[in-house]
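Based on the sequences and whatever the hints tell you, model everything.
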Amino acid sequence: TLTAVRRNNLFFVPPDLMQRHVPRLLDGVVALLKAAGAEVFQLPARSAEEARDRVRELAAAGAGAASAVIAAGGDGTFRAVASGASGQALPVGFIPLGTGNILAYEIGTPKRARALADNLLHNATVPVAGGLVNGAPFFLMVGAGFDAQIVNGLNYRTKRLIGRAAFTAPVLKTLARPVAPFDVTVDGVAHEASWVIVTRASHYGGSFVLTRDTQLGSDPMLAILIDARSRTGLVWAAINLGLGRLGSVATCPKGVQVLAAQRVLIGQGREAALQVDGDEAGHTPAEVTAGGPVVNLIVPPAYVADLTKRHTNHLNL
39 TLTAVRRNNL
49 FFVPPDLMQR
59 HVPRLLDGVV
69 ALLKAAGAEV
79 FQLPARSAEE
89 ARDRVRELAA
99 AGAGAASAVI
109 AAGGDGTFRA
119 VASGASGQAL
129 PVGFIPLGTG
139 NILAYEIGTP
149 KRARALADNL
159 LHNATVPVAG
169 GLVNGAPFFL
179 MVGAGFDAQI
189 VNGLNYRTKR
199 LIGRAAFTAP
209 VLKTLARPVA
219 PFDVTVDGVA
229 HEASWVIVTR
239 ASHYGGSFVL
249 TRDTQLGSDP
259 MLAILIDARS
269 RTGLVWAAIN
279 LGLGRLGSVA
289 TCPKGVQVLA
299 AQRVLIGQGR
309 EAALQVDGDE
319 AGHTPAEVTA
329 GGPVVNLIVP
339 PAYVADLTKR
349 HTNHLNL
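According to our numbering, the sequence shown is numbered sequentially starting from 39.
Derived by calculation from the structure, the hints in this document are not laboratory data. Mixed in with the good hints, there may be bad ones.
Computed beta-carbon distance windows for the label pairs [claimed, not checked]:
1) Gly66 - Val227: 48 to 56 Å
2) Ala218 - His160: 46 to 54 Å
3) Gly66 - Ser105: 19 to 27 Å
4) Ala127 - Ala74: 20 to 28 Å
Taking lysine to any residue and the SDA-like style, the derived pairs with C-alpha atoms no more than 25 Å apart in a straight line are [unchecked claim]:
5) Lys149 - Phe205
6) Lys149 - Val342
7) Lys292 - Pro258
8) Lys292 - Gly271
9) Lys292 - Ala214
10) Lys292 - Ala218
11) Lys292 - Phe246
12) Lys149 - Val247
13) Lys211 - His321
14) Lys211 - Trp274
15) Lys292 - Arg267
16) Lys149 - Ser286
17) Lys211 - Val189
18) Lys72 - Val189
Backbone N, C-alpha and C define an ideal beta-carbon position, used for all residues, glycine too.
Laid out in structure tokens, this is it:
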């Protein structure tokens, strides 16, 4: 089951759908929401798909049923909840309880319970456009090849227990395999790569800055193509990602292309592992397109002010 919170029709959806123990941060936020007049109740859902459908039902019921829905968990949890609310007026908030929490870094989500609760109750929203991968919404990024093989080899029970350290074994296992390039087509132009990241966000894996050339929900997407033909090449690309050099034409190393993209076809002829918003997504073929549904995202006031400043500076150019 899922726990839910309502304050003047404010709904809250917590993390791991099968999790029985509530993290301390979440418990603190819930207590503060209760103190502000929230009612806490159960919203049953046994999978991400069911959570998406329940949120979709709330959104379709109109403002009288819910004024907001709040996803507590990782980026995959946010994707499930936002997919249900996308295209509707229902705002979506986020309590970061995952491992990477890219979304939290994108919008500057507070880390303390009181600031989180205040942010959720303040309810400042911005419209954020998602993309589509094989017709399903995503809001951060799609990866194929190297990073997706790592995600596909991850033990999620171990990840809950030890966090990022759980990635060590799948990274080593992936590097032990032969490098397998696959086909990628970006807006009609054919390429080859062994690792592809199609992103609508500026961060990667949490706090790492992937690129300064895009931001959450903006168009176009960026397609980062890494044509590494050896394990050493993949490791070098990963190092450059960590140093913030991978996602910029000016700083990316040899064998890396950074392309604005509206439509990316991945692994149509040669299969590759696939991850979406940090979660395992099987294998290609995959079609990734911009112009996905819009979700109204609850953000900190500082993020709204920053967007306003960027927009003003753009108009003054």
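Here's how the hints hold up against the structure:
1. Evaluation of the 48 to 56 Å hint for Gly66 and Val227 yields a pass: the beta carbon distance comes to about 50 Å.
2. Range check, Ala218 to His160: about 48 Å between beta-carbon atoms, so the 46 to 54 Å window is met.
3. Distance hint for Gly66 and Ser105: a CB-CB separation of about 22 Å, consistent with the stated range 19 to 27 Å.
4. Taken as a hint, the range 20 to 28 Å holds for the pair Ala127 and Ala74, whose Cβ atoms sit roughly 23 Å apart.
5. Proposed proximity of Lys149 and Phe205 is supported: the alpha carbons are some 23 Å apart, at most 25 Å.
6. Note on Lys149 and Val342: the hinted pairing holds, with a Cα-Cα distance of about 18 Å set against a maximum of 25 Å.
7. With a C-alpha separation of about 23 Å, the suggested pairing of Lys292 with Pro258 holds against the 25 Å cut-off.
8. Simply put, Lys292 and Gly271 have alpha-carbon atoms about 10 Å apart, close enough for the 25 Å limit, and the pair holds.
9. Taken as a hint, the Lys292 and Ala214 pair is honoured in the structure, with Cα atoms around 23 Å apart against an allowance of 25 Å.
10. Taking the CA atoms of Lys292 and Ala218, the gap is near 18 Å; set against the 25 Å cutoff, the hint holds.
11. This hinted pair checks out: Lys292 and Phe246 have alpha carbons roughly 20 Å apart, not beyond 25 Å.
12. For the given pair, Lys149 sits about 19 Å from Val247 by alpha-carbon distance, which is consistent with the 25 Å threshold.
13. The straight-line distance between the Cα atoms of Lys211 and His321 is roughly 18 Å, inside the 25 Å bound, and the hint therefore holds.
14. For the proposed pair Lys211 and Trp274, the alpha carbon gap of about 17 Å is at most 25 Å, so the pair holds.
15. Taken as a hint, the Lys292 and Arg267 pair is honoured in the structure, with Cα atoms around 12 Å apart against an allowance of 25 Å.
16. Taking the CA atoms of Lys149 and Ser286, the gap is near 29 Å; set against the 25 Å cutoff, the hint is violated.
17. With a CA separation close to 11 Å, the supplied pair Lys211 and Val189 stays within the 25 Å bound.
18. Distance hint between Lys72 and Val189 is unfulfilled; the C-alpha atoms sit about 36 Å from each other, more than 25 Å.
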